[in-house]
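Novice: Sequence:
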Amino acid sequence: MAATRFPPGPTPAPDYYRWRAHVFLVVYIGYVFAYTTRNNLKVVSARFVTEEGWSLYQVGFVLSAFTLAYGTGKIIFGMVADRVSLRRLFGGALIISGILCILTGIPSSARALAALTFANGLVQSALAPAALVLLGAWYPNSSRGSRVAIWNTSQNLGAALLPLLAGAFTGWSLARFHIFLIPGLLTIAVGIWAYRTGADRPWRQGLPTLTMLFGPAGTPQLSTRADGYWPTVVRAVLTNRWILTLVGINTLLYCIRFGVINWVVIFAAAHTAGRTGEIALAGAELAAIPASFAFGAYAARHPNRASSAAMKAMLALAVALAAWPHLAFSSSSVAGALLLGALIYGPQVSINMLTLSLVPDNVAGAATGVVGAAGYLAGETLANFLIPHLVTGYGWTVAYTSLALTALICAAGYASLRGPEMRSLRY
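Residue numbers in the sequence shown follow our numbering, run continuously in steps of one, and reach 427 at the last position.
It should be emphasised that the hints constitute simulated quantities derived from the structure, not laboratory data. Note that beta-carbon positions come from the ideal geometry of N, C-alpha and C, so glycine has one too. Take the hints with a grain of salt, since some may be wrong.
Label pairs and their calculated CB-CB ranges [unchecked claim]:
{"hint": "1", "residue 1": "GLY395", "residue 2": "LEU244", "range": "33 to 39 Å"}
{"hint": "2", "residue 1": "GLY419", "residue 2": "GLN205", "range": "35 to 41 Å"}
{"hint": "3", "residue 1": "HIS302", "residue 2": "TYR17", "range": "21 to 27 Å"}
{"hint": "4", "residue 1": "ARG204", "residue 2": "ALA322", "range": "47 to 53 Å"}
{"hint": "5", "residue 1": "TRP230", "residue 2": "SER108", "range": "17 to 23 Å"}
With these hints in hand, go ahead and build the complete structure from the sequences.
Specialist: This is the structure we're talking about:
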């Protein structure tokens, strides 16, 4: 189906471009530091097993405290993001998250760590909906997907900093202190900057909307009714079969993502020597950056074909997951992690692109919240308990073969979204 192209609308004022660039800078830098206060426990998980005697189930339980809070909070704050100041929501959440990160470095008991991790997860759940709603409000159809893809690299950059920082310290107490304190202080500073200098939606800055500037090429072209907010949420999000398809895909994709990321340090520690696990974790996160840029470049050229690119990547990921245990057994953990990181996070970018493309912009926050919540509540929780169960009972090879089969199901889901995406996005 050929894309429908529209003549350009009025030329935006210079203030529009200046504010748009600043909005992107704020949500990108803010999310980088958000991730430095999110994955702190993951990079020391192997030490809890070897030095504190924790079982894999205990590690999964503590990690799931963040998951459950983050997933639940995404539903709540996704709807909040549709109706409040995004500048205050984003900046305020960063400040509180930094404080909670510092506090998490103090206790040593599993219960205290779980409680603080839960609180941090709830606060951080406001960040992604706020960022995505801002991007959706400032960028038209032709450039929205590429900007979402570039923004998506912020989480990988932030997550990659942590294991590298942890590997720089040799003492247990010193590493633990710095891995929580330094990211927390930096995130507080960034949050204050975002709160004081950030922007909100264009019309709240006294600027024209995307529809005013770009006409039908400004926002997704979807059938709408003059309903109130909540009826629109029910109709366009909760009962929208394409959004529900994304919910299913994201659940399975997060199971794959965290089935690899959450357990790569422990997996590498069981099969290789030294700090291979920390290096592999950093490699998986860093490899996702060029992969996300590749998806962004594809989206810039083909704004309404993200689902097709994601489908092809999931097929390649299925092959890579099936081969991953054999690569690791031959001491090629880092190389395997690089490949998996690239193939996991590329399709992850398309989830955000497709969510913004398949709902009206006035419920974009609710849609991103619901789709994102499914990934964390179901997908990561499943990975945190399924992986240790499969590994304990059947071994690592069976665990990752199961994830490979899951990738094939995701590929089929993406294939079903090609038609709706082509019809929705005009540019």
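Novice: Could you run down the list of hints and mark each one as holding or not?
Specialist: Consistency of the hints with the structure:
no. : hint                        : result
1   : GLY395 / LEU244: 33 to 39 Å : 34 Å, holds
2   : GLY419 / GLN205: 35 to 41 Å : 36 Å, holds
3   : HIS302 / TYR17: 21 to 27 Å  : 24 Å, holds
4   : ARG204 / ALA322: 47 to 53 Å : 49 Å, holds
5   : TRP230 / SER108: 17 to 23 Å : 45 Å, violated
Comparing the model with each numbered hint stated earlier shows that hint 5 is the single one that does not hold.
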